[in-house]
Amino acid sequence: MEPPQAISLMLSNVETIPGHSVVSSLGLVTGSTVRAKHIGKDIFAGLKNIVGGELKAYTELLNESRNEALQRMMADANSRGANAIVNVRFATSNVAAGASELFCYGTAVVIQ
Amino acid sequence: MDSELVFILTYIALPLVFTLGFPVFSWAIGRWYQSRLMNVLNVQEKQQSAAIGGQLTGSTSNKMTSLTAQSSVLLHTSIVVGPSMGQMFFMWIKSIFGGQLHSYDIVTQYGRREVVRRLQEQATQLGCSSIVNLRIETSTISFAKNQDSKTSSLEFLAYATGIRN
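For the protein sequence lines, the chains are A and B, in the order given. Last residue of the first sequence: 112 (this note's numbering), numbering continuous. Last residue of the second sequence: 1165 (this note's numbering), numbering continuous.
One chain only, chain B, in its complex shape:
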């Protein structure tokens, strides 16, 4: 009876803890860290929109703005974000059944909003009153040595023309 318990502990419970322990830990700490990042971003976005008073940001090349402009500058900024290892692990399990990958939603949403926020910050630093022709591009970055590495990250690039009036 006692030896059976030891057997179960050593050959079933311990390997399970060792294999699942790290992903669960990484997932939990990643969720906490990313929700904190999101909260910071929400606050910063609010502050920024209050400071610039609804700065014109558009994805169209506004002909009217271009006519009255004094000068312009090309703005570009990028950010590399990645999900945590635990999230990747659970996403890999989830991808067997398919469906919405909520963890990736958070990562992509954070990346896009943050990159646009930084672009607006850069525009205000350079004295631009409006941003036209905003483009956002996404690409996968794998700086890993082998293809089956667990680390993968996304790069979001935003570029636009800042107009000084």
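Chain A on its own, in the form it takes in the complex:
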């Protein structure tokens, strides 16, 4: 399931890749991951809730998951033969009480 090595494509959330010109568009690519909490981290976050502020364990968890969603999107684009993704958007939703879905989508393009 895990990709053998990290795929690196050029990403941007504007309509073009700045400094390059778009040759052809290959359609919408998506990547998503659903993450549940880690019980140990949850207990620590509960303790942190006494004072409030940043919950570092969750920040790390979500950053990791979002990177994985990006990786999946890039794998999708790579399989179509794209070398860049433009107009990348992120969305987060609560799918269940203990889990949230991190979703990203963009348009796969070939650039020069």
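Be careful, since some hints might not be right.
[Stated by the list, open to error] The calculated DSS-like cross-link candidates involving lysine-lysine, where the alpha carbons are at most 30 angstroms apart (straight line), are:
hint: 1; chain 1: B; residue 1: K1094; chain 2: A; residue 2: K48
hint: 2; chain 1: A; residue 1: K56; chain 2: B; residue 2: K1094
hint: 3; chain 1: A; residue 1: K48; chain 2: B; residue 2: K1046
hint: 4; chain 1: A; residue 1: K56; chain 2: B; residue 2: K1046
Because the hints were derived from the structure by calculation, they are not lab data. In this text the structure is predicted, and so the values were computed from the model without any measurement.
Following the hints, put chain B in place on chain A, whose structure we already have.
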């Protein structure tokens, strides 16, 4: 007279102290901790704006910047923040009457400013001279087992395209 005092202490005062003691303690310590975080953030924001000399950060996709750019990179960063339990408790009381929830104001303001600051930090680390098309998204995270749990937190996600000139 004496037994009446004992009665009042055990059946009225002690339960009150036990139920209100923790929220008040949590509220007080949370206010102190969060104001300290805000002070640190103010200092860091000033240092950063001095270091990068008013780096271009915009929420528009700047066509002119894109034309002269050498390369670009997608920046994304997120932060999870939550109010303290005491603040949640007092907000719950406040929500009976409505009105402005000052505690939540502080939490959201801190989260948004901090996430933008981190994005700018990431941009300078990657050698970007300007940031275009900045988007900030907010979502509620409840990693709790049941819905009526007192813990709730907010996630702020900022993403943008960094331009290298």
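Would the pair A:K56 and B:K1094 pass a check requiring their Cα atoms to be no farther apart than 30 angstroms?
-> Holds, at roughly 28 angstroms.
Given the proposed pairing of B:K1094 with A:K48, does the C-alpha separation stay at or below 30 angstroms?
-> 23 angstroms, holds
Is A:K56 close enough to B:K1046, meaning Cα to Cα at most 30 angstroms?
-> 23 angstroms, holds
Distance restraint between A:K48 and B:K1046, which requires alpha-carbon spacing of 30 angstroms or less = Holds, at roughly 27 angstroms.
Of the numbered hints stated above, none is contradicted by the structure.
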